[in-house]
Each structure stands twice: as C-alpha cells, then as structure tokens.
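2 protein chains.
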Amino acid sequence: MESFYKNRNVLITGGLGFLGSNLALRLAALGAEITLVDTFLPGHGANWRNIQEVRDRVSVNICDIRDEHAMARMVAGKQTIFHIAGQTSHTDSMVDPFLDIDINCRGNMVFLEAVRKHNPAARIVYASTRAIYGAPVSVPVTESVRPNATDIYGVNKYAGEAYHMIYHRAHGIPVTVLRCSNGYGPRAQIEHPKFGILNWFVGLVLSAQKIRIFGDGAQLRDYTYADDFINAFLMAGIKDSAIGQIYNIGATSQIKFVDMVKKLIEIAGQGEYELVPWPPEYKKIEVGDFAYDITKAQTELGWSPSTDFETGLSKTFDYYRENLQHYLPADIA
Amino acid sequence: MESFYKNRNVLITGGLGFLGSNLALRLAALGAEITLVDTFLPGHGANWRNIQEVRDRVSVNICDIRDEHAMARMVAGKQTIFHIAGQTSHTDSMVDPFLDIDINCRGNMVFLEAVRKHNPAARIVYASTRAIYGAPVSVPVTESVRPNATDIYGVNKYAGEAYHMIYHRAHGIPVTVLRCSNGYGPRAQIEHPKFGILNWFVGLVLSAQKIRIFGDGAQLRDYTYADDFINAFLMAGIKDSAIGQIYNIGATSQIKFVDMVKKLIEIAGQGEYELVPWPPEYKKIEVGDFAYDITKAQTELGWSPSTDFETGLSKTFDYYRENLQHYLPADIA
Chain A
116 MESFYKNRNV
126 LITGGLGFLG
136 SNLALRLAAL
146 GAEITLVDTF
156 LPGHGANWRN
166 IQEVRDRVSV
176 NICDIRDEHA
186 MARMVAGKQT
196 IFHIAGQTSH
206 TDSMVDPFLD
216 IDINCRGNMV
226 FLEAVRKHNP
236 AARIVYASTR
246 AIYGAPVSVP
256 VTESVRPNAT
266 DIYGVNKYAG
276 EAYHMIYHRA
286 HGIPVTVLRC
296 SNGYGPRAQI
306 EHPKFGILNW
316 FVGLVLSAQK
326 IRIFGDGAQL
336 RDYTYADDFI
346 NAFLMAGIKD
356 SAIGQIYNIG
366 ATSQIKFVDM
376 VKKLIEIAGQ
386 GEYELVPWPP
396 EYKKIEVGDF
406 AYDITKAQTE
416 LGWSPSTDFE
426 TGLSKTFDYY
436 RENLQHYLPA
446 DIA
Chain B
116 MESFYKNRNV
126 LITGGLGFLG
136 SNLALRLAAL
146 GAEITLVDTF
156 LPGHGANWRN
166 IQEVRDRVSV
176 NICDIRDEHA
186 MARMVAGKQT
196 IFHIAGQTSH
206 TDSMVDPFLD
216 IDINCRGNMV
226 FLEAVRKHNP
236 AARIVYASTR
246 AIYGAPVSVP
256 VTESVRPNAT
266 DIYGVNKYAG
276 EAYHMIYHRA
286 HGIPVTVLRC
296 SNGYGPRAQI
306 EHPKFGILNW
316 FVGLVLSAQK
326 IRIFGDGAQL
336 RDYTYADDFI
346 NAFLMAGIKD
356 SAIGQIYNIG
366 ATSQIKFVDM
376 VKKLIEIAGQ
386 GEYELVPWPP
396 EYKKIEVGDF
406 AYDITKAQTE
416 LGWSPSTDFE
426 TGLSKTFDYY
436 RENLQHYLPA
446 DIA
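In the order they appear, the protein sequences are chains A and B. The first sequence maps to residues 116 to 448 in our numbering. The second sequence maps to residues 116 to 448 in our numbering.
Since no wrong hints were added, every one of them can be taken at face value.
Which copy is meant is left open, so a pair is good if it fits within one copy or across any two.
With a straight-line cut-off of 27 Å between C-alpha atoms, the simulated DSS-like cross-links for lysine-lysine are:
#, residue 1, residue 2
1, K354, K411
2, K309, K325
3, K232, K309
4, K371, K325
5, K232, K398
None of these hints come from the bench; they were simulated from the model.
Hey, can you work out the whole structure from these sequences and the hints?
What follows is the structure, given as structure tokens:
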C-alpha cells in the first residue's frame with residue numbers, strides 16, 4: 116500500500132469531513148501528495164480540527180463540487196480521486212429535496228464531467244451508501260439486491276453511483292463504487308443526529324445528556340469503524356480488478372440498536388438512555404432490520420473490517436474526550 | 116371507464132406529445148374535463164396537430180414542469196393527473212446530462228412538491244420507462260428486476276419514479292408508476308430517431324428514404340400501440356389497488372428489430388432498408404435483447420395489450436399518410 120500511494124497525486128472531495136479527513140491522515144502517513152476539496156456545507160462534517168495533524172502536509176481548496184470551473188482545476192493531474200463529498204442527511208433530503216438533487220445528482224455530474232473532460236484516466240473511488248437499499252427487499256443485502264430507498268437522499272446517492280457506472284461504461288473512466296454502511300469513529304460531526312447517529316450519541320454521553328432511543332431499539336444495525344472504511348477506500352484505489360465494480364462495505368455482525376447504546380455507555384463509563392416513541396418524520400423513512408452481505412468485498416477486494424466494536428468505541432471516546440470543544444458548539448459542550 | 120372519467124377533472128403533463136395527446140383524445144371521448152400542460156421542449160413530441168380533433172374540448176396551458184408557480188396552479192383542483200412530461204432522448208441525456216437531470220430529477224420534484232403542497236389527494240399516474248432496466252440483469256424482466264440503466268435518461272427516470280414512490284409512502288400521495296416499453300402509433304414525432312425509432316422509420320418510409328439498421332438487427336424488441344398504453348393509463352387511474360404499485364406495460368411478444376422493419380415495409384407497401392455498422396455513441400448505450408414480463412399488469416391491473424402489430428402499423432400509416440406535412444419539416448416531407 117505504501118509503495119502504491121507514496122508520492123501519488125491524490126484528490127479527496129469532502130476532504131475535511133469524517134471519511135475524507137481520516138483518509139487524508141492515512142494517505143499522509145503513506146507519503147501521498149494530497150489535495151482536499153471541501154465546501155464546508157452547513158451542518159456537514161467539515162472541521163479544521165479533523166486535519167490538524169496533517170495541516171502542513173496537505174493542500175486544502177475550499178470549493179463546491181457543483182463549481183464546474185473549480186472542479187476542472189481540482190481534478191486535473193490527479194492520479195487517484197476519492198469522491199466523498201455529498202449531502203448526507205436523510206431527513207434534510209425530505210425537507211429540502213432540491214438541495215439534495217442539486218448536490219447528489221447535479222453535483223455528481225459536474226464532478227464526472229470535469230473528470231471526463233480534464234482527466235478521464237483518473238482512478239475514481241466513489242463513496243456511495245447502504246441507504247440506496249433503503250428498506251431492503253431481501254436480507255442479507257448483497258450488491259444484487261435492488262435499490263429501495265425510503266428517502267430522497269437514498270435515491271439520489273443511487274443516481275450518483277449509476278452516473279459513475281455509466282461514465283465508466285460509456286467513457287472508460289476507471290471507477291469503483293463503495294456502498295458504505297453506518298460509520299463511527301474520530302472526526303465525525305457530533306452536533307446533530309441527521310447522520311452518524313452513533314457519533315452523535317458519543318457527543319451526548321460526553322456532554323452528559325440523555326440518549327433517546329426511538330421505539331424499542333430492537334432494529335438490527337451494523338457499525339463500521341473509520342479505519343476499516345479507510346482500508347476499503349485505499350484497497351479499492353489500488354486494485355485494477357475493482358474497476359467497474361460495486362462493493363458493500365460494512366460490518367459482518369449486527370447489533371440491536373439498544374444494545375449498541377448500552378455498549379457505548381459501558382465503554383464510556385458514563386451516560387444514560389431512555390425509550391421514546393418514534394417521531395413521525397423519522398418513522399416514515401425508517402428502514403427496519405438491515406444485515407449486510409460483504410462477501411464480494413471480502414473475496415474480490417480482499418477487504419474485511421478488522422476493528423471490533425469495543426476497540427473502535429474506546430478509540431472514539433479517547434479522541435472526543437481530548438477534542439470535545441472542537442466538535443460541540445460552546446453552548447452544548 | 117366512462118362513468119369514472121365523465122366530468123372528471125384531469126390534468127395531463129406532456130399533454131401535446133405522443134402519449135399525452137392520444138390520452139387526451141380518449142378522455143375527451145369519455146367526457147372528462149381536460150387540461151393539457153406542455154412546454155414544447157425542442158426536439159420533443161408536442162404538436163398542435165396531435166390535438167386538432169379535440170382542440171375546443173380541452174384547455175391548453177403552455178408551461179414547464181420545472182415552473183414551480185405555474186405547476187401550483189396546474190395541479191390545484193385536479194382529480195386525476197397523468198404525469199407524462201419529461202426529457203425522453205437516451206442519446207441527448209448522454210450529450211447534455213444536465214438538461215436531463217434538470218427535467219427528470221428536479222422537474223419531477225417540482226411537480227411532486229406542487230402536488231404535496233396544493234393537491235395531495237390527486238390521483239397520480241406517472242409515465243416511467245423500461246429504460247430504467249437498461250441492459251437487464253435478467254430476462255424476462257419483471258418489476259422486481261433491479262435497475263441497470265445504460266444511459267443518464269434511464270437513471271433519472273428511475274429517480275423520478277422513486278421520488279413518486281417515496282412521496283406516496285411518506286406523504287400519502289396516491290401514485291401509480293407505469294414502466295412503458297417502446298411505443299408506436301399516431302401522434303408521435305417522426306422527425307428524428309432520438310426516441311420512438313419505429314415512428315421515425317414510418318416517417319422515413321413515407322418520405323421515400325432508406326431505413327438504416329445498425330448491426331444485424333437481430334436484437335429482440337417489443338412494440339406497443341398507442342391505444343394499448345392509453346388503456347393502461349386509464350385503468351391505472353381508476354383502480355385503488357394500483358395505488359403505490361409499479362407495473363411493466365408493454366407487449367407480450369418480441370420481434371427481431373430487422374423483422375419489425377420488414378413488417379413495416381410490408382404493411383406500408385413501400386420502403387427499403389440496409390444494414391450499417393453501429394455508430395459508437397449508440398453502441399455504448401445499446402441494451403441487447405429485452406423481453407418484458409407483464410404478468411403483474413395482466414393479473415393485478417387487468418390490462419393486456421390488444422392491438423396486433425399489423426393492425427397497429429396499418430392505423431399508424433393511415434394517420435401519417437393523411438397528416439404527413441404536419442410531422443415532417445418541409446425540407447424532408
């Protein structure tokens with residue numbers, strides 16, 4: 116991995132967010148030349164603290180993926196592009212579907228057109244999401260299960276990955292799509308629950324606020340630690356056999372939502388929770404049980420998650436205990 | 116059917132195009148109150164000749180489905196809305212993906228938001244397309260086969276129907292989605308081959324131009340006559356059991372592309388064809404064989420196509436022989 120990424124010219128869109136910044140840190144350790152693009156979309160994960168340790172090692176360019184002319188400059192000359200930027204809130208996509216369409220449909224197309232025109236040989240790894248499966252029509256969910264998104268975000272992220280696959284087939288652009296499951300770990304936003312609910316709970320526990328669980332918390336979920344996602348992105352960017360492929364990236368084991376909360380409180384050594392009724396706006400887009408089949412990623416990409424839940428949670432609490440004031444607004448922290 | 120639609124307040128978007136105008140004629144015969152919306156998108160099917168026979172029976176409003184304020188007025192007070200307007204060219208969607216996104220993603224959302232805000236009880240029938248299956252991952256193609264669009268149009272039409280289904284589940288809007296296969300018949304545009312290839316061939320034959328078939332013409336296709344589609348729209352709009360459902364609407368029998376052309380020349384009693392190599396821009400988005408499974412529409416909606424190919428072609432030639440000058444530019448006709 117080091118021999119591949121050393122001195123490699125890499126672009127990360129959404130580079131100051133959760134996945135982007137963790138990826139930047141790893142790529143810096145591997146010796147890559149790194150450019151981060153981020154537009155600091157309000158309510159999203161961009162945070163200067165995320166890249167503090169590599170601030171002098173990376174180039175940061177603040178711009179939107181919807182900015183055609185800026186993106187032309189950003190993609191030119193890059194060897195590998197990790198395309199992670201997007202609108203990421205399920206609930207926001209239902210409140211303002213037009214913003215989601217503008218970013219996750221039109222913005223992805225601005226990005227792809229920039230690549231097609233200015234750097235069609237660039238190796239692209241696109242961060243998609245398990246949200247495209249929505250309430251899955253069958254479980255466990257392999258890559259062949261048809262999309263059934265329950266919110267506009269899930270539809271548009273599917274459109275985004277389909278655009279990538281079409282640009283691969285029609286224009287020869289070497290893309291890989293990773294359908295990422297729920298993630299947690301250092302450098303996620305913890306200010307609100309619109310995405311990354313586990314991270315938000317970490318913030319609640321550390322700021323001595325009670326966790327509220329909607330319903331009985333019996334729905335099964337899987338949680339993947341940041342480092343494991345980063346491994347998947349790096350491996351996808353290396354393997355030629357991953358070109359034109361889609362992979363489910365997530366955990367192999369499921370845990371009940373309520374048990375996740377109990378484990379979190381146990382690891383933290385603090386915190387409490389309560390059960391409350393489902394708010395209607397969440398209930399409408401709730402997807403029920405979810406069990407991910409990651410066999411394809413394991414057998415073809417050689418990737419598996421390797422961080423157990425306790426270890427991941429411990430590292431996450433360690434990070435936020437040290438950096439809490441940079442992730443919570445002053446009036447909460 | 117007459118008792119249901121008589122005096123019913125109906126809106127048709129794309130009302131001056133192929134499907135919209137044929138639907139308007141039938142609804143006029145059934146005694147409905149009809150408003151047609153069309154923006155006369157260049158290169159698309161809107162044509163005043165299409166509605167000549169019912170011009171004094173229908174209200175026509177020229178506006179774009181992307182026009183938020185106009186759409187608010189258009190949907191208000193309607194009982195049934197047949198939502199057919201869209202960008203419909205596969206090849207154009209690859210040349211100008213942004214226009215396709217703007218109409219088929221954002222425009223559909225403008226329409227749905229107008230319905231949600233101003234008339235959420237309106238019964239919606241949305242014209243989707245078999246293009247969402249693209250190069251189908253399995254045949255025959257049931258509604259459960261996962262989408263695999265080969266062009267941006269196919270992706271965005273899928274997004275459009277997924278928006279409709281989400282607005283049904285989350286906001287209770289009573290929608291039905293019809294995935295329409297290849298259509299032919301009177302009132303289609305015949306000026307260019309960007310959509311409705313069979314109709315274009317009819318125009319070529321009548322204007323004494325040779326038909327060119329790409330490749331060997333061995334790919335299987337199905338063709339559905341306009342009247343059969345109109346039956347499907349009308350039945351979908353009546354049945355409560357169709358709410359929240361998606362139906363494949365197409366022919367039960369397949370025909371080789373080259374045999375379709377031979378049949379067309381036979382019925383017309385004139386015309387000739389030649390085989391030519393695939394142009395690369397078409398080859399890239401060609402979907403191969405396609406066989407539609409319409410069992411769901413047959414058993415649940417009670418719909419089947421009833422016009423045989425010879426009869427449909429005869430009626431089509433009859434129409435265009437009488438009206439050719441209204442469908443071909445002067446320099447071709």
